[in-house]
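**Student:** Residue numbers (this note's numbering), protein chains in the order written: chain A, 1 to 217; chain B, 1001 to 1217; chain C, 2001 to 2217; chain D, 3001 to 3217.
If you are wondering where the hints come from, they were derived from the structure by calculation, not from laboratory data.
Just so you know, these numbers come straight off a predicted model, no measurement behind them.
We put the CB at the ideal spot given by N, CA and C, even for glycine.
Each hint can be trusted.
Just a sample of chain C residues kept apart from chain B, beta carbon distances all over 12 angstroms, derived: (1) L2006; (2) P2063; (3) G2070; (4) Q2143; (5) A2146; (6) M2214.
Here are some chain B residues the structure puts well away from chain A; computed CB gaps all over 12 angstroms: (7) E1008; (8) E1012; (9) I1014; (10) P1015; (11) G1042; (12) K1058; (13) A1085; (14) S1190; (15) H1211.
These stretches of chain A come out as covered by chain B in the derived footprint (C-beta under 8 angstroms, 3 or more residues): (16) 102–114; (17) 117–124; (18) 128–136; (19) 140–149; (20) 153–167; (21) 194–208.
Spelled out from the first residue to the last, the chains are:
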Amino acid sequence: MKGALKPEAAAEMIPDGASLLIGGFMAVGSPERLIDAMVERGTKDLTVIANDTAMPGKGTGKLISAGMVSRVIASHIGLNPETQAKMIAGEISCELVPQGTLVERIRAGGMGLGGVLTPTGIGTEVEDGKQVIEVEGNRYLLETPIKADFALIGAWQADYVGNLAYLLTAHNFNPVMALAGKVVIAEPESIVPVGVIAPDAVKTPGVLVDHLLIRPN
Amino acid sequence: MKGALKPEAAAEMIPDGASLLIGGFMAVGSPERLIDAMVERGTKDLTVIANDTAMPGKGTGKLISAGMVSRVIASHIGLNPETQAKMIAGEISCELVPQGTLVERIRAGGMGLGGVLTPTGIGTEVEDGKQVIEVEGNRYLLETPIKADFALIGAWQADYVGNLAYLLTAHNFNPVMALAGKVVIAEPESIVPVGVIAPDAVKTPGVLVDHLLIRPN
Amino acid sequence: MDAKELIARRVAREIKSGMLVNLGIGLPSLVANFVPQSLGVFFQAENGVIGLGARPPEGMQDPHLTDAGGGFVSAVPGAASIDSAMSFGLIRGGHLDMTVLGGLQVDEKGHLANWKVPGKMVPGMGGAMDLVTGAARVVVAMQHSAKGASKIVKRCTLPLTAQRRVDLIVTDLAVIEPGPEGLILRERAPGIGLDHIRAATDANLIVMGDIPEMALD
Amino acid sequence: MDAKELIARRVAREIKSGMLVNLGIGLPSLVANFVPQSLGVFFQAENGVIGLGARPPEGMQDPHLTDAGGGFVSAVPGAASIDSAMSFGLIRGGHLDMTVLGGLQVDEKGHLANWKVPGKMVPGMGGAMDLVTGAARVVVAMQHSAKGASKIVKRCTLPLTAQRRVDLIVTDLAVIEPGPEGLILRERAPGIGLDHIRAATDANLIVMGDIPEMALD
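Turn these sequences into a full structure, and let the hints guide you.
**Tutor:** Here it is as structure tokens:
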């Protein structure tokens, strides 16, 4: 059984310089209350690993606007002009990763695999500096695993075992990221009694989740 | 929309010498009606890729007993003495693969990855003859992807789009195998109208499924 | 008919019954308007849904159901939720029958550049590299020229999206099929002559026999 | 108390509140009987469930809910279904807090052999290699000797299960902790003297200070 934390208490656990996997796709499925509490606290020098940096005022975009992020690993930052501007100004270093590679690198980190062998990026500048492995006559990039100090997960339902269920396109990176954070904090939209989420509806088993955020209000 | 086939019609699609991914764990979640129809037809020289060969009279064990299988790729054959006997007699060649490696190799085949980098098997006889890749100071076996001519999937519910849902421990290898067969045949316990399986309950999207078996009776 | 509608209508004719199709943001997304519902086509949004439907009526939008551009969408009967790992597994594994993307340049080798203008626009590749690498069929939908310059060139000067040769280019002037020998002119836009196309194209076009006008449903 | 119960009771004391634990088939499976429900421990069956419960009453067995040995089980409140990819992702990724396995041999380096007797027993490794490679803690539960021969040996003559040093060995005679310097004797079984243990062990044991008797709840 896991107790549920207030967003402020969860934000306090995250020190300056931490690396964070943050779920969501253009902020859909992102843990917004936790992000708000982090902005309130003003943690510095964060590494954010996420599909994108959303847009100003939404999801991970709030952390960018608040100047809390020094490094981004993402597949797309094009809809957040502030990320682009800070990257050009040298305030944020950006590693851009193909979306399918990014999710597999995180999965590999979380599932104890040594990396990802993908055809994506072969023959492009994504190949630069990377090992190319030939398997059965085809060439693949070796992409390294990703783990982080924290995974911040947005979910639909949770129970107090920590089991999580997601809705529709709010799944995105969340189920995979929940595997790869040393500490996993989940922000569900509701928390239901243990036993209410059917075993087949659980997408993230509770054993992966360290802390839950309390219900809104 | 996919029409539903009788088991005999599905079994007829599978020629001698075909490679088959067959879902199930000790026959739990295996497509039993399809296997029965295959035994009736007596297809020869099959390669069976499955977690195990169950036991005589159950699941893939029926194909072994009927002498239809010349090659097995599995993680465990210890509960089927016929597989052991035929292996020792040289009638079946067996490749034994750690269970976690087997499922990842099939996933890699189905998801267009070049292979699997796993720590499992390092320093054991599983390492023999395989490439070892060092990533960030750790050593991993490079295990190659697996695909097959057919994937034979046992499911709980299907709709006529081909979407599949599974129950409890009858998931096992089925969702991953549905990615890696050139032709995917699913045997559901029931077929429901399109729209009845909620999008979040679908574990195998219908786009992966080529044929459904008709409902029993 | 404006240029975008022309392109979208022509691309729509490439889509066959039962396909799984991914449409890029912008021009490509217009294609859905011209695909008859009777075809039973499923559209994938790579952020996590198969079975993308129309924009929902005002007041019925749901923040858990959006497309890859972040816009509100609906789900058709038989839709399936997928996480990012499954989404890109389907793409990279060749289960996606067709992707339609915009382009900045396509060259005589059929190579596409569509994700970066060094020093100007560095939004990240998002899913584009996986889509072009893995989809069974890649169709580029774009204006023939931008700011007076041909987007069809001898050799891409912008960074490539993949080393894979795209399958078809549809512009407001022509339909062009890249092949091992070069760019084959297949169709002319209504009322557009060969000389017009040649003059607007900064690459060699292979012209074999009479070039018909595009058929548009 | 028979030898098996003794071993199971002692291993049970290694299990702490909130752990995720995988118990092997046979002797290790008895451990569950001695873990108080109040600890909130979740048992994983690698075939696909977290939250394994007791055998269901006669007539209430369900073919979709079995353990890795194929026996009928139940699910506790808060249980989660997982497919084989997630199951072994949890194991290999270090999310499994403890695995308890049987052994054929353990040697002075703490290496375990438990899956093959060349020429005699070749059942396949099933999940054993992944479990020993990936679990946070590996406990071997076995009789000290088989057919009069010590199962604790200088160097394994049987094929290894992994190159990883196991964390603890619990037998009917002793509790032994493999360390970088060798096998450290930690506890004696009730009524068993040091000389008895030494005589029954075909390997060097490091004995430091007084060796207490096993505590058994």
